[in-house]
Amino acid sequence: MGGALKIKVNIPYFVAKRSGKRTYFYWQPKKDLRDAGWQLVGLSAVEAEAIAEAEAWNRKLAAWRGAGGGKTPLADSSEPASAAGFVTFSELVAAYEASDEFAGLAKRTRTDYARHLESLKEWAGADAPVASINARLVRDLHRALATRSPAGANYVIRVLRLLLNWGIRNQEGLAGVTNPAADPNLEELPVTARVWSPAAVDAIILAAEQLGRHSVALAVALGDWTGQRQGDILTWARPLKVRGEVVLAQQKTGARVALPIHKVEELVVRIDAELDRQDAWRTQLPADARPQTLIVSEGNHRPYQQRKFADWFEHARTAAAAAVVAARRERTAAPASLPPVVKEFEPAPGTSRRKKSRRTYRIPGGLAAVLDESLGDDLDDEVAAELAAIQFKHLRHTAVTRLAEAGCTTLEISAITGHSVETVNTILKRYLVYTRELAENAMAKRVAHRGGRRRPAEVVPFRARQGGGD
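Heads up: the sequence shown at position 373 corresponds to 373 in the numbering used here, and the numbers run straight through without jumps.
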């Protein structure tokens, strides 16, 4: 329950308010002072520090009064403060979620934002004034979240920044406020994008098939070839048969891409086989109960929920990683069966769950032998390490890279993946997903256009030059 608290110390304008389990301290001038330009100031969360800060503001106020009023010290101060508004954080969130700007976001983006905004309400205090949020609190929030997920921490702060920017533009009570999340000095994350090797793609597809999850295998193949997001692949409309291009509207950005799937024999074969498998049970369902998506769970014959698909993908990835290690260890006689793998997972940031969860993943019997027979010398220590780290989302980077290796222009790549041209360049440059194939292509092109330089026969071998002579 929010509201002012009685405090033991008698310091003018020093106020404590409770929201949930947290107590917030403010220097809160009365109306006549606010009319003169003084503003509500959020103080330290530590009571002793908050008292010292309140006393410092009272000294500034006394000096201002002694000088006969005029321009308030706050006008030139770099201290974080709000401009008179008493909009609460929950009021701001509610107004933003009811706005046309929020409604115009893609469904997936709205869902993500709403989840993070709920967590931010718990952090800030639903009844706490937006004015109480200062840059120090934002930095502390980022630091706390980053211990679990630096990328997740950055995302939450960006949502907070967006919310406050919207409030400053649209809420009268926040007019003139400086956004405390405008420059939180977010940690520059290390490059985490990974390009799946062909062996890793094949290993996970084979593992998914051995688990009886042909749907997961097909989703991985589609991600590898088209670079679409997991959410778009899971909602991919079910075709009758693959006989032409597939037009897809991406959920996150609304971008429309025309994918010539019919030109990729592997995908045609996989999709037709999946449709045949589904036909075996679709006819037993009422017409209005038949799923309209291509990717359907073998367990309940319904479209996947994102989390359930992620669980099965993790199962296939874990099984593939364990089987590759076994195949490497027993190359001449891969074991027929492997023990299950048990993994523990940290609670997701922003959730109420505090304990780790534990999951057990079954390793299909004979998977190591299947991988050894199918992939042979491609199974090495690098693939084993890769399988322990790759994620489904990295298939977008993989598709961009493979298309670039094939000699596609950035415009051609963006036509397939739906990225902007700028983003394609960012993936190839910022994430450093340059590969041996790209380097070889570049060097071959330069050799082909070397013009008037000496012919290869005229070039003295490096070893000959090193070996001596005058």
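Since the hints were made in silico from the structure, they are not lab data. Remember, predicted model here, so these are calculated numbers, not experimental data. One thing to keep in mind: the hints can contain errors.
Pairwise CB distance ranges (calculated) [what the hints assert, rightly or not]: (1) Q284 with A144: 48 to 56 Å; (2) A273 with A94: 43 to 51 Å; (3) T253 with N170: 19 to 27 Å; (4) A95 with T253: 22 to 30 Å; (5) Q305 with K60: 54 to 62 Å.
Cross-link-like lysine to any residue pairs, in silico, SDA-like; alpha carbons within 20 Å at most [claimed, not checked]: (6) K252 with K121; (7) K17 with V46; (8) K121 with S90; (9) K308 with V46; (10) K445 with G407; (11) K107 with G407; (12) K429 with E405; (13) K429 with V447; (14) K30 with V46; (15) K308 with H394; (16) K17 with A52; (17) K107 with K429; (18) K107 with G254; (19) K121 with F102; (20) K30 with R59; (21) K252 with A273.
From the three backbone atoms N, C-alpha and C, an ideal C-beta is built for every residue, glycine too.
Taking the earlier hints as the rules, which of them does this structure contradict? Going through the list in order, the structure violates hints 6, 9, 11, 13, 14, 17 and 21 and respects the others.
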